[in-house]
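*Asks:* Sequences listed follow chains A and B, in order. Heads up: the first sequence is residues 1 to 119, going by the numbering used here. Heads up: the second sequence is residues 120 to 231, going by the numbering used here.
Read the hints as simulated data drawn from the structure, not as lab findings. Treat the hints with care, since some could be wrong.
[What the hints assert, rightly or not] Lysine to aspartate or glutamate pairs mimicking EDC-like chemistry, simulated, CA-CA at most 20 Å apart:
hint : chain 1 : residue 1 : chain 2 : residue 2
1    : A       : LYS71     : A       : GLU39
2    : A       : LYS56     : B       : ASP218
3    : B       : LYS128    : A       : GLU39
4    : A       : LYS56     : A       : GLU39
5    : A       : LYS68     : A       : GLU39
6    : B       : LYS189    : B       : GLU149
7    : A       : LYS42     : B       : GLU149
8    : A       : LYS37     : B       : ASP157
9    : A       : LYS71     : A       : ASP31
10   : A       : LYS106    : B       : GLU178
11   : A       : LYS106    : B       : ASP181
12   : A       : LYS56     : B       : ASP181
13   : A       : LYS42     : B       : GLU217
14   : A       : LYS68     : B       : GLU217
15   : B       : LYS189    : B       : ASP145
16   : B       : LYS176    : B       : GLU217
17   : A       : LYS68     : A       : ASP17
18   : B       : LYS128    : B       : GLU171
19   : A       : LYS37     : B       : ASP218
20   : A       : LYS106    : B       : GLU198
[Stated by the list, open to error] Computed beta-carbon distance windows for the label pairs:
hint : chain 1 : residue 1 : chain 2 : residue 2 : range
21   : B       : GLU198    : A       : ALA78     : 26 to 32 Å
22   : B       : LYS189    : A       : PRO82     : 37 to 43 Å
23   : B       : ASN192    : A       : GLN14     : 20 to 26 Å
24   : A       : GLU39     : B       : ALA201    : 28 to 34 Å
25   : B       : SER186    : A       : GLU39     : 29 to 35 Å
26   : B       : LYS190    : A       : GLN14     : 26 to 32 Å
Beta carbons are placed, not taken as given, at the ideal position from N, Cα and C, and that holds for glycine.
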Amino acid sequence: GENVGLHLPTLSVQEGDNSIINCAYSNSASDYFIWYKQESGKGPQFIIDIRSNMDKRQGQRVTVLLNKTVKHLSLQIAATQPGDSAVYFCAENSLSLSAGGTSYGKLTFGQGTILTVHP
Amino acid sequence: NAGVTQTPKFRVLKTGQSMTLLCAQDMNHEYMYWYRQDPGMGLRLIHYSVGEGTTAKGEVPDGYNVSRLKKQNFLLGLESAAPSQTSVYFCASNRGPEDTQYFGPGTRLTVL
């Protein structure tokens, strides 16, 4: 079935390095992608999003790149800090219809990548 | 803004007991969602609501009921808890179906 997945389950970097977390998706009809950060014992926290009519979007220290040709999404974190250590999920938000006919945003998550930043 | 809050944070139940998880949001969002997160399976949608007084089934609704009597609150009920319902439960909300969902801190539930 349609799914959003990650290439690397774990990533270890040194403080100050740049980190790149990758994600592959299979639903070519998806038009909205989000990166979430989840720290231990907490809920997913929105980081950055991108619509399918864009190929790059930048935030504070983070950049998301979207390559629709190969259905690939990546999150780049500049000057990674120990506080960036967490699990990172990519997610696809697609408009869906329930059995009752109501529309909702169906959020499909990948399994997550564990980022560990060493001081 | 407190955002999305959930109570309780932790709970231990015995098989067959019932309980209600409360989600509250102060962002005036129309849409609210309940997910469960299990190791190796990511987040799965249990039920959702598109507005006050409405509810609908998600991917894994069996064993759960929900209510949305007030726009800011979304309740998740377990009538007869089973060990398979041991999980971390997250609530989320957004303005519309294509807007970013914002998550609460989660409720860790253990059913013995």
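*Asks:* Identify every previously stated hint that the structure contradicts and give their numbers, smallest first.
*Replies:* 1, 4, 5, 7, 12, 13, 17, 18, 20, 21, 23, 26
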